[in-house]
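Use these hints to put chain E onto chain U, whose structure you have.
Number of protein chains: 2
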Amino acid sequence: MATDTAAPPASEGASAPRHTPPDVDVAALTALLDGKYAEVRGLVRTNLAEYASILEEAETLDRDAFRERVKEVVVEMASTGQTGMGFPEEYGGGGDIGASVAAFETLALGDLSVLVKVGVQFGLFGGAILQLGTQEHHDAYLARLVTGELMGCFAMTESGHGSNVQALGTVATYDVATEEFVITTHGEQSRKDYIGNAAKHAELAVVFAQLEVGGEGRGVHAFVVPIREKGKPCPGVRIEDDGAKMGLNGVDNGRLWFDGVRVPRGALLNRFADVSAAGVYESAIENPNKRFFTMLGTLVQGRVCVGGASINASKVALAIAVKYALRRRQFEASSDDHEELLLDYGMHQRRLFPLLARTYALHFAQEVVAAQLHDVFSGISDDEHTRRELESRAAGTKALGTWHGTRTIQECREACGGAGYLAVNRFTALKADSDVFTTFEGDNHVLLQLVAKGLLTDYSSEFSDLDQFGMVRFVAGMAVETVIERTNVHKLLERVKDLLPGGDDWDQEAGLMDPDYQLQMLRFREEHMLAGVARRLKRGIDNGMNPGVVFSRVQDHVIAAARAHVERLVLEAFVAKVGALPDGDLKVALNLLCDLHALSTIEADRAWFMEHGRLTVQRSKSISREVNRLCRRIRPIAEDLVDGFGVPPEMLRSPDLVG
Amino acid sequence: MATDTAAPPASEGASAPRHTPPDVDVAALTALLDGKYAEVRGLVRTNLAEYASILEEAETLDRDAFRERVKEVVVEMASTGQTGMGFPEEYGGGGDIGASVAAFETLALGDLSVLVKVGVQFGLFGGAILQLGTQEHHDAYLARLVTGELMGCFAMTESGHGSNVQALGTVATYDVATEEFVITTHGEQSRKDYIGNAAKHAELAVVFAQLEVGGEGRGVHAFVVPIREKGKPCPGVRIEDDGAKMGLNGVDNGRLWFDGVRVPRGALLNRFADVSAAGVYESAIENPNKRFFTMLGTLVQGRVCVGGASINASKVALAIAVKYALRRRQFEASSDDHEELLLDYGMHQRRLFPLLARTYALHFAQEVVAAQLHDVFSGISDDEHTRRELESRAAGTKALGTWHGTRTIQECREACGGAGYLAVNRFTALKADSDVFTTFEGDNHVLLQLVAKGLLTDYSSEFSDLDQFGMVRFVAGMAVETVIERTNVHKLLERVKDLLPGGDDWDQEAGLMDPDYQLQMLRFREEHMLAGVARRLKRGIDNGMNPGVVFSRVQDHVIAAARAHVERLVLEAFVAKVGALPDGDLKVALNLLCDLHALSTIEADRAWFMEHGRLTVQRSKSISREVNRLCRRIRPIAEDLVDGFGVPPEMLRSPDLVG
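Those protein sequences? They're chains U and E, same order as listed.
Residue 231 in full-length UniProt numbering sits at position 231 of the first sequence, with consecutive numbering throughout.
Residue 56 in full-length UniProt numbering sits at position 56 of the second sequence, with consecutive numbering throughout.
Please keep in mind that the hints were generated in silico from the structure rather than gathered at the bench.
One thing to keep in mind: the hints can contain errors.
Copies of the same chain are indistinguishable here, so a pair counts whether it falls within one copy or spans any two.
[To be verified] Calculated pairs, SDA-like style, for lysine to any residue (alpha carbon to alpha carbon, straight line, at most 20 Å):
| hint | residue 1 | residue 2 |
| --- | --- | --- |
| 1 | Lys538 | Leu299 |
| 2 | Lys621 | Glu149 |
| 3 | Lys621 | Glu603 |
| 4 | Lys36 | Asp375 |
| 5 | Lys230 | Ser53 |
| 6 | Lys587 | Leu296 |
| 7 | Lys621 | Asp556 |
| 8 | Lys621 | Glu203 |
| 9 | Lys538 | Arg625 |
| 10 | Lys621 | Arg536 |
| 11 | Lys232 | Glu149 |
| 12 | Lys621 | Gly532 |
| 13 | Lys232 | Thr298 |
| 14 | Lys232 | Glu411 |
Same shape as in the complex, but just chain U (with noise of 0.2 Å):
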């Protein structure tokens, strides 16, 4: 019905064009999507297909057996170098970070139990002697975690300290006398807490402590310690199991508490900073906060890949829903003697497409911030702006990118109805599995303060090398007056004058396909919000308020503020792809999502737009009918579409909802 085989209504007018919906060919969009990693991509959609059975060993195993079953799949998907992909070439890797991330991304079509198995011993253990390490180190572990043969954990998150990796209480004290570190957990707030491969597999730790030398206190740095020998903890060193979790049980996550722990002076992890046999401590980076921040740049490549791993989980999750929707029928509404698809109905079109449009678009952006880390991770281009710019996005595209999956994967479950709720039907496992993506590796709230921060402070003033993580000790620690003319934002102010109400008709007169338009609405949105967020953070200073006080109450504006900015981004990376095509149906079928996913998030906010001046009622309301035309257009392309995700047919999984 929805499929328009009826003359167009008078309302569209007689004049409406017919569209012939463009003849989509799913190779050739699988190419697109897979990009420059088709090889890489390919061979983690053969090794998916091999190990398929983990999807039905993660219902049947029990928690012990499923551990053991998932390391034996890293450890046998290591041997094909996929998981290797981003170490050195002379230690068995592959010397080649976009492949790594790639490789990652694309994992995420299976079970995430060995996705994040993967990204604990490869990504986050493996990434920190990588980033972190010094030659000695890379000779001592590389060769060796590369193939899985040596399993090891990163052990930073306490209890009691999350997203505040600064505030953490583990302890490392250099002792002079015998060269060594003494490890020590203070207080059960600064225990480790759900590190993954710590329960059962690891027998090393990458370990984040305060480090102690000759009684002064030089900030967080990271140790290599053993805590596991021979399946037994190492002395002094205390470790529990996280037990039962959402998902992911396929993942040993466990607690670790150490009691006067000595490792050799070796251990630190010394490419940033390091302790001579005396005790003298020496870095090249002067600035503490500076030095902090450049550690944990370095390790930025794990929330890359988790951005990218949900926006693939949430393809899984479409393809079986839009694939459920041309299968299943429900009520007879357009003849008497059938009942009707669910993908004919309005309402199923408007739930399912415009997460489809913005699957691709996030896809697309998770395309540049990879190629970012590529290059700045290769050397191509690696300074200080560039690593800011690659922080910032890779933050912003994860918190987007794992609300995505979460929002998706329900909507998803939801239009399969009851069948949905069944194990087998893959939803199960994809909602407890991908659940945590939007708190781990930097809770998605804190990311987005972290997003806000960078726009608001010149990357080159004093004020860059603050608290990362906070938008809190950024308005805290000093007056936030003079960070507003000193930097950027002075000039924002400016320039989003030029853009109030009153000024041109740019957005009056534009089409509502044209991309400039589209655009232009997105970046008037984060200048606007951004100058905003300025101006109340400048008022409530300048007033004498609690600067806590102050920065609670802007917070919303904040997190909005950094949302649309990312959100530009967004679009920019969706229309630049589309934009760089040949003409052809491929090029009409990706404008109709990108077109949906301009006008669908422009809907979604077109209240602010309307209260800033930016969006007349009748064209907002032109809005909400032009994304309705778009997702009726969208109907006869949509199978090809997820199709085009080249999900490996067996990880579709779904006997009753795509057999």
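Then chain E, alone, in the frame of chain U:
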């Protein structure tokens, strides 16, 4: 910090009143929420605490053992009288339908497998025997099912037929020679599916099938069919286990196939229709559609119960998240020497408090629908109109209540960070178990269509007994303009015209905190949306479009209009409750919540109000500011407000979050 010990900022006006937080009497608040069923709610709370180990058993026992344990708990709870409140006293019940709903709702504070098992046994199975059967069936089954000795299931849903019950494919043919019904499953789409109690425990099933008598189809009727004896399927019955589900794994859902299963003539639940020995079909209700919906209407209690359960599950999530946020500190914000409580961050308040306010609103709306159910089914007010109103309200409250549950549990889980992901901390079970509520007992979108249909048709008109579940059929099967002219909708269009922009200025001059203003806004939206739907339907049909296409295009408006209607009912219930309270601190506290609920509801749809001339830009912004201000005022009493829910401490579990 957000407790506002600082002076109010200039932006709020120097004369902004200082508010002393109300002193909330938690016991009095609980008494108010418990209402007239405090006693039975108390009994359930005691039972929940008694069987608190079930929360842990849900994790530690394997599926089979957990199913047995849940059955055991259900039977033991039955012996306290808790689960039989709705059955007549002569069969060992409590003879109080309102008490039965209250008991069920309260049970949702605990393990939800126990809840759903109770719902299946006493609500669906027992309810069908009670409501669709006659004396003979009551005498044969009720006493034994009330104790849980006789377990049964409710076999309505089929794999290919969920919400569209009228289309189901199981057939019951009357064999006049043997005076038996012969029940047969026709094809895989017609197997009964997701049937609780079917996989293990049920001896009997109430089977819904197309009745055929003398070669003539008589529509869907219900039959009592033995499916299992001494643990083995009865001859001709095939039973399959639905296997692992996302949650509710203590309930044994299964599939049923019938291959010429013969049951005696008395197996027909014959309250509304019967077949004589000679094979003559008789019913006091002549119209087959009306008969069908009368039968189904008696089962409305299930929807009322699921809605109430979701609202109570939300209370558990909120209690944990609020208590955690009063314990967990993160980042130094307002001072250098301690980190700030999560609940003192504005964003955190924004995330939790509107959901808290809405939980209160829905609680009181649920109280209204439960009271209506009691009155209708106790014969206190049982006319056609009241029944229709009850069905509509039950459908709407179920939809909004269950969506609220899913959303609240998710937000609370994220607000508890990584700790929220551990199974011991309650969200795992809450999320997984409650997830299906949005799609069972009627998919929420289908239910809202039912609500919309009720609004569009006059109850007394000939259209009222058309397909209860389908606006689709409603549009497809008739000339819609006839409806519009004949019914309320016509008056409605007139009424809305009077309210269009350019009319009076009530919305400009009224105070935002004036409940009349808040209600008028929601009433305007409801009536305007409804009239818009009617107009669009008519226009489409007038233009000669296929009714299916017309419906598909208007469907999102249909859903929105129904939602707007239910939102208005919810706010009315809350306003009425608060208005009736004696002056005092409790009233002050609930007024804050009621204002927050009303304004955040308007805020969420402020784009629509602006688009329809009922909200100026300035006023829209004021509403957002007021929502933030209300959040700050609720902050000091937040813990009292969740304590008022009276969740037994054992049900919070979460040693790491609230311990």
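Here is how each hint holds up against the structure:
With identical chains, the CA atoms of Lys538 and Leu299 are never at most 20 Å apart, being 33 Å at best within one copy and 60 Å at best between copies. Taking identical chains as interchangeable, the C-alpha atoms of Lys621 and Glu149 are never at most 20 Å apart, the minima being 60 Å within one chain and 59 Å between chains. When the C-alpha separation of Lys621 and Glu603 is checked against a cutoff of 20 Å, the pair qualifies both within a copy, at 9 Å, and between copies, at 18 Å. Taking the shortest Cα distances, Lys36 and Asp375 sit within 20 Å of each other inside one copy (14 Å), while across copies they are farther apart (68 Å).
For the homomeric pair Lys230 and Ser53, neither the shortest alpha-carbon distance inside one copy (29 Å) nor that between copies (36 Å) is at most 20 Å. Taking the closest pair of Cα atoms, Lys587 and Leu296 never come within 20 Å of each other, the shortest separation being 40 Å inside a single copy and 50 Å across copies. When the C-alpha separation of Lys621 and Asp556 is checked against a cutoff of 20 Å, the pair qualifies only between copies, where the shortest distance is 14 Å, while the shortest distance within a copy is 27 Å. In this assembly of identical chains, Lys621 and Glu203 lie within 20 Å of each other by CA distance neither inside one copy nor across copies; the values are 60 Å within and 56 Å between.
For a Cα distance limit of 20 Å, the shortest separation of Lys538 from Arg625 across copies, 18 Å, qualifies, whereas the shortest one inside one copy, 40 Å, does not. In the homo-oligomer, the alpha carbons of Lys621 and Arg536 lie at most 20 Å apart only across protomers (15 Å), although the nearest pairing inside one protomer, at 31 Å, exceeds that limit. In this assembly of identical chains, Lys232 and Glu149 lie within 20 Å of each other by CA distance solely inside one copy; the values are 17 Å within and 50 Å between copies. With identical chains, the CA atoms of Lys621 and Gly532 are at most 20 Å apart between copies only, with a shortest distance of 13 Å across copies and 27 Å within one.
In this assembly of identical chains, Lys232 and Thr298 lie within 20 Å of each other by CA distance neither inside one copy nor across copies; the values are 31 Å within and 62 Å between. Within a single copy, Lys232 and Glu411 get their C-alpha atoms no closer than 44 Å, and across copies no closer than 39 Å, so neither meets the 20 Å cut-off.
Violated hints, in rising order: 1, 2, 5, 6, 8, 13, 14; the structure is consistent with all others.
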